Amino acid sequence: MSEQKTVHFIIERQDGPDSKPYTEEFLVPYRPALNVVAALMEIQKKPVTKDGKKTTPVVWECNCLEKVCGACMMVINGKARQACATLVDQIPQPIRLAPARTFPVIRDLQIDRSVMFESLKRIRGWIDVDGSWEVNTAPIQNPYTAATAYEIAHCMTCGCCLEACPNVGPQSDFIGPAPTVQAYLFNLNPLGSFNKDKRLNALMEKGGITSCGNSQNCVQVCPKNIKLTTYLAQLNRDVNKQALKNIFNK
Amino acid sequence: MSKKNIIVVGGGLSGLMATIKICEAGGEVKLFSYCPVKRSHSLCAQGGINACMNTKGQNDTTWEHFDDTVYGGDFLADQTAVKGMCEAAPKLIKMFDRMGVPFTRTAEGVLDLRNFGGQKNKRTVFAGSTTGQQLLYALDEQVRKWEVKGNVKKYEFWEFIRIIKNDNGICRGIVAQNMNSMEIEAFRADAVILATGGPGVIFGRCTASTICNGSAVSAVYQQGAEIGNSEFIQIHPTAIPGSDKNRLMSEACRGEGGRVWTYKDGKPWYFLEEMYPAYGNLVPRDIASRAIYDVCVNQKLGINGENRVYLDLSHIPAEYLERKLGGILEMYSEFVGDDPRKVPMQIYPSVHYSMGGIWVDTKHNTNIPALLASGECDYQYHGANRLGANSLLSAAYSGTISGPEAIRWSESDDIGEELTDEQLAAAKQTCVDEFENIINMNGKENAHELHHELGDLMNRYCTIVRVNKELDLCMDELKKILVRWNDIGVNDKGHWANQEAMFVRQLHNMIIYAMVICKAARMRDESRGAHYKPEFPNRDDEHFLKTTIASYNAETHEPNITYREYDHSLIKPRPRRYDVAKGGK
Ligand SMILES: Cc1cc2nc3c(=O)[nH]c(=O)nc-3n(C[C@H](O)[C@H](O)[C@H](O)COP(=O)(O)OP(=O)(O)OC[C@H]3O[C@@H](n4cnc5c(N)ncnc54)[C@H](O)[C@@H]3O)c2cc1C
Ligand code: SF4
Ligand code: SF4
Ligand code: FES
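These protein sequence lines are chains S and D, in that order. Each residue of the first sequence is one higher than the one before, starting from 1 at the first, in the numbering used here. Each residue of the second sequence is one higher than the one before, starting from 1001 at the first, in the numbering used here.
Warning: the hint list may mix true and false statements.
As the list claims (entries may be wrong) - Dumping the calculated DSS-like pairs for lysine-lysine here, alpha-carbon to alpha-carbon at most 30 Å:
| # | chain 1 | residue 1 | chain 2 | residue 2 |
| --- | --- | --- | --- | --- |
| 1 | S | 121 | D | 1004 |
| 2 | D | 1444 | S | 121 |
| 3 | S | 50 | D | 1153 |
| 4 | S | 250 | S | 227 |
| 5 | S | 121 | S | 54 |
| 6 | D | 1572 | D | 1363 |
| 7 | D | 1546 | D | 1056 |
| 8 | D | 1120 | D | 1533 |
| 9 | D | 1153 | S | 227 |
| 10 | S | 54 | S | 79 |
| 11 | D | 1493 | S | 54 |
| 12 | D | 1004 | D | 1363 |
| 13 | S | 54 | S | 5 |
| 14 | D | 1572 | S | 227 |
| 15 | D | 1154 | S | 198 |
| 16 | D | 1153 | S | 121 |
Stated by the list, open to error - Covered stretches of chain S (in silico footprint by chain D; criterion: 3 or more residues with CB under 8 Å from a CB of chain D, positions within the stretch not fixed):
| # | segment |
| --- | --- |
| 17 | 94-100 |
| 18 | 126-134 |
In short, the hints are calculated from the structure, not lab data. The model shown is predicted, which means the values in this text are computed figures rather than measured ones. Where is the CB? At the ideal position from N, CA and C, for every residue including glycine.
For reference, chain S alone in the conformation it holds in the complex:
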């Protein structure tokens, strides 16, 4: 009898926000192009540990399975990344899964990222249109600026960059790279730029851009390859200019 090839997972589990973490190990049947989410789905079908103990299925979050919704971010072999886009063939085994503990854990690999959505309120992450009814035609845009906007607009609020940033966490109130850089996106837009001052002022407050220590971790992990540090630097200049402007306008 030929033995079936399996993939070995060591998963950090936690029953609730205040419970103690523990690990469980699983063997999942191998197949080509197997990704981490597909492996977790196999565990749902057969929630039995490596040692044959029946257990509960592992809890995690996913929707799109194509690296666009941001939901399935977790720490895989020590690195924050999207589980759906992580092929088991491309990483060493055993594969260790853990929740991204920069955020409160809800259960197992599922975390609470509501703080990221709250930060989008703070940076005024929208264009102030008069309404959804017919008003004017939107201004023509420089196609190159629009291409930059398009790049930043890919941010799927996954939180990899916050997990990787040494300055985000309980020790600081830094809102983190993703929401900060979103401010740049809205400032780039011809209509959005009308509220540029407000966004820059929001970034001057506590937890704003001055909390970034320029350690460059974020840009290395962003699954959407957004040039975070480039835009952080640009924003820094804009914020400094705004600070001067504020002084002169006093």
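For this one, chain S is given, so just place chain D with the ligands on it according to the hints.
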């Protein structure tokens, strides 16, 4: 209770659009979603959104868009509704542009347009290859603004379970469950909009997100809402087959010059170009899927004898591909490992979209008063087959109709009495009991395995080719699966983030919905759009130029199928052919 209190279930393009319209009219919205609305399935849409912008010197008209949509849908769509949508499309694009959607632009800085299947003119506005993501984000941002203003309260990570009707049968609330704390709560409203998206997950693997399970639609159907045209399931011709999901290769690949072929007698055979010279690779989805199925299954000419053919972009300059299709090509490399700029991709058709859904009138009212439905969960606009890039449009447009219509209900005396505390408590208790019963299930079946079987069954019998004898068999098997559902064993007995127990409840709804699709397909003895029966290869307008209506029979769990007239008065039905250019108006 304050007036104009609307519940919107679903925060995809349609639910968010409705929410904005309600807020603008002074209403308040409770917005329910499985996930943060910013992660809704709409963001998977890649290719684009149709609107007659007429900026390519082709004299495109909204009438042409209307005609293409009706023709593409094999004349089964309500024409007044479609006409309204096509006329509103350019205005919607301008709205999105003002909201900051980073559309791809021309050298002059205006919105670029691309080709899409079933349309001869360039009419598809796009933001690279992530159009849905960008449109969804724009609406998400606007809704966040309304949230800050206090008009919107989000219930994210809440699952809708059922609606609550008052004594007059009017929908005046819902029951929902917090997916973390598991608490079940009943909510009052003046009117309820369902915008819960498509049912793809009933087929197991499909191109949709894992939350597109049709469970909400099934729930209201079991409470008396009618489902229309459920047999019309769109099979997308070009997906990357996968074990967890089939990942879509956008139609934009063909729009930008991609060619579909396989080897025949040792030479590449561009079979779509040969079979349909007028449209070539740009034939609509049903036609392309059927051709690929025929080549692979009947002629056994798939790649290495497997069910796959090539989708080839390798002849197009890499720089052009990067600019127009960057994101999706990256996805192929990422999930398959090959570079589509250099080697042809391997694809096969997959379940993609449901033309059918909750029956609604042109104002998006269901047959249950004060219950509305919009977006992919309704049956409107696409008839027997949807044109590519028309459903982001219908999702957004339908929200601009359902939102104001819900406001109209809230201001009218027709909504009757609001729910009493007793009614709320009773509805809640029903759902609590049902959930506790699920948690206590100790049978032999695993819910996820059973779901896998359901998906296999539906894929085998209810997709590209449908045969009556097999559909009868499928129905029998579905009934068995429904019985086996009772023998599920739930491993997780906890009351905190219990995804397994929630899935068991969803699965029951999915099986019931599957029976609707199967039975409706069985009864329609003709071929039209996505519904193809070799036994009845032609369209039969005499008998089936009608909407299929399914209503739930609680005793048998099966649907009662009837047929309803609809408005096809504006464009006279004519044969739908893609081997020659679209015939006269
Ligand atoms: C891969 C892919 C590519 C596509 N590309 C295109 C394209 O290029 N152009 C185009 O026009 N169309 C495209 N489509 C189709 C289009 O994306 C969808 O039809 C459309 O986005 C549906 O929008 P919606 O608002 O109806 O629903 P969705 O975006 O699916 O949103 C549904 C919402 O309902 C919520 N929900 C569902 N059930 C419940 C419940 N029980 N309780 C609580 N909340 C619930 C979800 O959380 C979500 O917020 C594509 C589809 C796929 C799968
Ligand atoms: S550059 Fe700034 S935001 Fe990025 S990881 Fe470093 S400190 Fe964090
Ligand atoms: S910037 Fe990148 S890493 Fe950070 S949340 Fe957005 S997509 Fe994720
Ligand atoms: S599931 Fe959407 S990013 Fe992984």
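Do the hints match the structure? See the list:
1. 121(S) x 1004(D): holds (25 Å)
2. 1444(D) x 121(S): Judged against 30 Å, a Cα distance of about 48 Å means the pair is violated.
3. 50(S) x 1153(D): violated (44 Å)
4. 250(S) x 227(S): With Cα atoms ~35 Å apart, residue 250(S) and residue 227(S) exceed 30 Å; violated.
5. 121(S) x 54(S): violated (44 Å)
6. 1572(D) x 1363(D): Satisfied, since the Cα-Cα distance of roughly 23 Å is no more than 30 Å.
7. 1546(D) x 1056(D): Violated: residue 1546(D) and residue 1056(D) sit about 37 Å apart, past 30 Å.
8. 1120(D) x 1533(D): Holds - the C-alpha atoms of residue 1533(D) and residue 1120(D) are around 28 Å apart, at most 30 Å.
9. 1153(D) x 227(S): violated (33 Å)
10. 54(S) x 79(S): The given pair, whose Cα atoms are some 29 Å apart, holds under the 30 Å limit.
11. 1493(D) x 54(S): holds (13 Å)
12. 1004(D) x 1363(D): Holds: residue 1004(D) and residue 1363(D) sit about 18 Å apart, inside 30 Å.
13. 54(S) x 5(S): Judged against 30 Å, a Cα distance of about 21 Å means the pair holds.
14. 1572(D) x 227(S): With a Cα-Cα distance of about 54 Å, the restraint between residue 1572(D) and residue 227(S) is violated, given a limit of 30 Å.
15. 1154(D) x 198(S): Answer holds: residue 1154(D) to residue 198(S) is near 25 Å, not above 30 Å.
16. 1153(D) x 121(S): Given that 30 Å is the threshold and the Cα spacing comes to 14 Å, the pair holds.
17. 94-100: Result for this restraint: violated, n = 0.
18. 126-134: Since three or more residues must qualify, the claim that chain D covers the segment 126-134 of chain S holds, with 8 doing so at under 8 Å.
Taken one by one, the earlier hints fail for this structure at numbers 2, 3, 4, 5, 7, 9, 14 and 17, listed in ascending order.
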